[in-house]
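Colleague: Chain by chain, the residues run as shown.
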Amino acid sequence: MAAAKAPEGAVYDTFPKLLLRNASIYGDRPAMREKDLGIWQTWTWKEVLEIVRRYALGLKKLGLKPGDKVAIIGDNRPRLYWTFAAVQSLGAIPVPSYQDAVAEEMVYVLKHADAAFAIVEDQEQVDKVLSVSDQLPKLKKVIYDDDRGLQEYDHKNLHGFEQVIELGQKEMDKDPKALERLDAGIAKGKGTDVGVFLYTSGTTGQPKGVVLSNDNILLSAINGNAFDNLDETEEVLAYLPMAWVGDHVFSYGQSYTAGFCVSCPESRDTINDDRREIGPTYFFAPPRVFEILLTQITVNMEDAGALKRKMYSYFMDVAKRSGEKILNGESVSFMERLKYQLGEFFVYGPLKNQMGMSRLKVGYTAGEAIGPEIFSFYRSLGLNLKQLYGQTEAGIYVTIQPDGEIRSDTVGPPAPDVEIKIDKNGEVLYRSPGVFLEYYKNKAATRSTKTKDGWVHSGDAGFFDDEGHLRVIDRAKDVGKLKDGTLIPPKYIENKLKFFPNIQEAVAFGDGREYCTAFINIDLTSVSNWAERNSVIYGSYQELAGHPDVYSMIEEHVREVNRQLAGEGDLAGAQIRRFLILHKELDPDDGEITRTAKVRRGFVGERYKPLVDALYNKKKYKQHISTEVTFEDGRAGKLAADVEIRDVPLEEIPEHHMQEAAE
Amino acid sequence: MNVAAKDIAKGQNILEIDGISLSFGGVKAIRDVSFDVKKGEIRAIIGPNGAGKTSMLNVINGFYHPQEGTINYKGAKRHDMRPYVAATQGIARTFQNVALFAGMSTLDNIMSGRMLKMKVSLPWHFIRFGPAEREELEHRERVEHIIDFLEIQAIRRTPVGRLPYGLQKRVELGRALAMEPELLLLDEPMAGMNLEEKEDMSRYILDVNDQFGTTIALIEHDMGVVMDLSDRVLVLDYGEKIADGTPDEIKNNQNVIDAYLGVAH
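Heads up: the protein sequence lines correspond to chains A and B, in order.
Using the working numbering, the first residue of the first sequence is number 1, and each one after it goes up by one.
Using the working numbering, the first residue of the second sequence is number 1, and each one after it goes up by one.
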């Protein structure tokens, strides 16, 4: 398969080869940054190559063999990114794993992948791995980045990153041929070789190990670079989990193919400050991040002085009217353009600067549907925010929105080199050079997902609209039916609810029942701010969630969703009849949502069965519930509450739809 | 420092308190208390309210001058002194009620802990360039290490008055650490904290002891914390020493149980 071609005609079809290329053509350009001790430290491509070489030789000395699997666990750190290239230089396979998983979750991936080495960030991760090491007979060595608190550990099979580099340096000093052998090994690597295992987040059942070749990632990355004209001058901030395909393609694949610099934040809490300092030109975030940013802005504006509030609301109106049109290159009157320019100077510019998006060339959001208002808010500021639809199995890209064809309710036409077809039952199927090789050690799942001629069942239900844009409505198997046969896409309904800033999370039920119902999680930032302004007094999340005024506000939102659904033909039957506000936030530590913040509807339904039953018992308006919760330190406790249930009246179907139905 | 080295170091006394009595007019706050603190250990001082714990810390730190008894610090008999002299000798402390500069940032508050280490004279600092700048950079680097150690990067520039209580306590610990103390006195480091904050703080105390080899004497009311953290525990009641020993010995000591639970008369 063809890959990145250099002028001389050499083929760069693996990451170590690309690293050699980058060190020679972009040698003194920055490759990686990290904020340490309050200062941004930079490594050039040349320096990265030197480190990766020593690192690889050190790992080899410690016994890493071609084909071995290496688990990588931690926040986004330069050394962990270098681990990818060092491990791949030896023909071994990196397996990034979610860093905030508890030990029991982590052991599954490490065991299933047959990890021989685990390269981890710090003491926290070392402790987790060591606590389950008796279940991991194949694990030989653990290597850590940050040595804090680890001095007194038994260092027989535990090594610090610096020691490994030293070991590599010694190998180089001892045997001048060592480097040549390493380079010869790199030259032997092929694009079709297995490049990486990426585990799915496990929305449904146990995570599956998606085996991706070097080509899968590289071709996707090259296509992505070409699509948005990304080159070596881009700046990105790596802050999403390294185990997620998005980060692997954006912060590793695209960086190595285009040669741009990746910056790692100082800590997880400083991401917003770090983004402001770096000013990324290319940015990726799940809708949640954009929602949180917008909520913060709105809350801050409400606390601002009268003049500022006035300016903000005036210019935001201008942006709402004309911002998106200007961005899309449509015609806008001269006066409007002038006002927009003034707005840019007084409001949009400073706002973008606050968000660290002043230099943004293109931004993407994916993973979940984004609220239309949120989407157009950012676009109206002149930020080129787009959507894409992707999967781990596709090496991310399935569809992507090209400039000028951007809509909030579709995910765009097929990405370059991707073919898409819709199955009889509405499932989306795709085929592309990014399509994965197999699920590791799971032939049955591979067979049922990937057909012989390379089509992948996405598991998502969707359809193409008139303009050839894909619309994804829900997981194909989640689309349920009410007793009377009405189709209900729960996620579609949940997303409509979640578009209200006051609602953080929603879970819709109805499959096999008489009507549709929903659990609601309030958004603490936004609702508490509302409470403050309206003198609503509360002592805890639970109390705020159960407050009658909060209930009334949420009921208004639910009615609005019903009004929307009533206007959507067949979905009119899927209106929410009863709802309740949950007494606790859905939490990945309790297994209620996945690490990528997707609701596990089935599990939630089981866990809160008394509440679901009460929703379908029309006489009940209060239900007691007691649940086990896991605290952040892993201890368990009990949380009990009486949860109120509210009825919501049905909205009438608007007239033009009645007529359509009659015709 | 490895385990063996630490054990050896524990043999030496960094501080010996011998027959200390302290009274305020007619009130006897401390009566004839003797104990020692070994180098590299975590030493807890516990006791019911009004037992004289904070007074004891104030004596060690030179704020109160006992009427009787002697104090040996680092092998030398200590005379009555002002707290800043104690500070120059390597004794740092945090307070029961947070005593930070509320309007200053976290960074500046911790920088203030470096005050005693600043050698360049004030006029140079007015000019700022030259020696003063070099010195500031050097101190700033130390402070950044502490910020990294306590994981408070995100609040580096935030005025401490705006921080939640748990974080303020952590900044206060940072300021004490900036003095690079040999003996660190912590007065109720976990008071008013929730479980998670307590666990974080315990972690930091253990890490300070481990990584810098700092000797720590702390007052604390949370018995779980005391028993888990400390190497030895001193128990005071009405200004008198009623027990002294390892956490296990203290747990089973009848005097201690009586002092805390009361006795039937």
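To be clear, the hints were calculated from the coordinates, so they are not data collected in a lab.
The beta carbon of each residue, even a glycine, is placed where N, CA and C say it ideally should be.
Check before you lean on any hint, since a few could be wrong.
[Unchecked claim] What follows is a list of derived Cβ distance ranges for each label pair:
no.	chain 1	residue 1	chain 2	residue 2	range
1	A	L150	B	G26	53 to 59 Å
2	A	E514	B	P159	55 to 61 Å
3	A	E373	B	P159	33 to 39 Å
4	B	L195	A	G605	36 to 42 Å
Colleague: Compare the structure with each hint and give your call.
Modeller: Verification of the hints:
For the pair L150 of chain A and G26 of chain B, the beta carbons lie near 54 Å from each other, so the given range of 53 to 59 Å is met. Taking the beta carbon of each, E514 of chain A and P159 of chain B are about 57 Å apart, inside 55 to 61 Å as hinted. For the hinted restraint 33 to 39 Å between E373 of chain A and P159 of chain B, the CB-CB distance of approximately 34 Å keeps it satisfied. Restraint check, L195 of chain B to G605 of chain A: a C-beta distance of roughly 30 Å breaks the suggested window 36 to 42 Å.
Comparing the model with each earlier hint shows a violation of hint 4 alone; every other hint is respected.
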